[in-house]
Amino acid sequence: MQDFRKLQVWKKSHDLTMRIYDLTSQFPREEIYGLTSQIRRACSSIPTNIAEGCGRESSAEFARFLQIAIGSASETEYLIFLARDLKYLNANQYTELMQTTISVKKMLTALMKKLKKPTTDNR
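Heads up: the sequence shown begins at 2 in my numbering, then just goes up one per residue.
There could be a bad hint or two in this list.
[Said to hold, decoys possible] Listed below are the simulated DSSO-like cross-link pairs for lysine-lysine, each with C-alpha atoms no more than 30 Å apart in a straight line: (1) K117 <-> K7; (2) K12 <-> K115; (3) K7 <-> K88; (4) K114 <-> K13; (5) K7 <-> K107; (6) K7 <-> K118.
[As the list claims (entries may be wrong)] Distance ranges between label pairs, derived from CB positions: (7) R6 <-> S75: 20 to 28 Å; (8) Y79 <-> K114: 18 to 26 Å; (9) D4 <-> E32: 16 to 24 Å; (10) G72 <-> G35: 18 to 26 Å; (11) D86 <-> A111: 24 to 32 Å; (12) K114 <-> P29: 37 to 45 Å; (13) K115 <-> D86: 32 to 40 Å; (14) K117 <-> S38: 30 to 38 Å; (15) K107 <-> P29: 27 to 35 Å; (16) L83 <-> K12: 34 to 42 Å; (17) S59 <-> K12: 18 to 26 Å.
Think of the hints as simulated: they come from the structure by calculation, not from any bench. The C-beta atom is built at its ideal place from N, Cα and C for all residues, glycine as well.
Produce the complete structure using the sequences and hints provided.
What follows is the structure, encoded as structure tokens:
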């Protein structure tokens, strides 16, 4: 078990979630139960799954939660794209969120690869 707050990928995904919450607060009111809710859930699922994985006993279990986090990051990526096409995000906001989301996905993938390397203690 390890402290998820010490992982750079958790910090970055938490910051992304905070940014998503900030920007979605400006989405149209009729989206509160639609896109606003969905993108917030998808994005917050990234750091949530990292945290839950850190609480597991084996590297294999941790890696499984990282895989789920990658799926949530991909979902977030699409929802950011949709928000831009619906004109809820401007070009700068879109670029910032996409770059951060892609960076988080790369970090998650690298951490998964590290966990899968055979060592005496992967964590």
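Results for each hint:
{"no.": "1", "hint": "K117 <-> K7", "verdict": "holds, 20 Å"}
{"no.": "2", "hint": "K12 <-> K115", "verdict": "holds, 18 Å"}
{"no.": "3", "hint": "K7 <-> K88", "verdict": "violated, 36 Å"}
{"no.": "4", "hint": "K114 <-> K13", "verdict": "holds, 19 Å"}
{"no.": "5", "hint": "K7 <-> K107", "verdict": "holds, 18 Å"}
{"no.": "6", "hint": "K7 <-> K118", "verdict": "holds, 21 Å"}
{"no.": "7", "hint": "R6 <-> S75: 20 to 28 Å", "verdict": "holds, 24 Å"}
{"no.": "8", "hint": "Y79 <-> K114: 18 to 26 Å", "verdict": "holds, 24 Å"}
{"no.": "9", "hint": "D4 <-> E32: 16 to 24 Å", "verdict": "violated, 35 Å"}
{"no.": "10", "hint": "G72 <-> G35: 18 to 26 Å", "verdict": "holds, 20 Å"}
{"no.": "11", "hint": "D86 <-> A111: 24 to 32 Å", "verdict": "holds, 30 Å"}
{"no.": "12", "hint": "K114 <-> P29: 37 to 45 Å", "verdict": "holds, 41 Å"}
{"no.": "13", "hint": "K115 <-> D86: 32 to 40 Å", "verdict": "holds, 36 Å"}
{"no.": "14", "hint": "K117 <-> S38: 30 to 38 Å", "verdict": "holds, 34 Å"}
{"no.": "15", "hint": "K107 <-> P29: 27 to 35 Å", "verdict": "holds, 32 Å"}
{"no.": "16", "hint": "L83 <-> K12: 34 to 42 Å", "verdict": "violated, 26 Å"}
{"no.": "17", "hint": "S59 <-> K12: 18 to 26 Å", "verdict": "holds, 24 Å"}
Consistency with the previously given hints fails for numbers 3, 9 and 16, ordered from lowest to highest.
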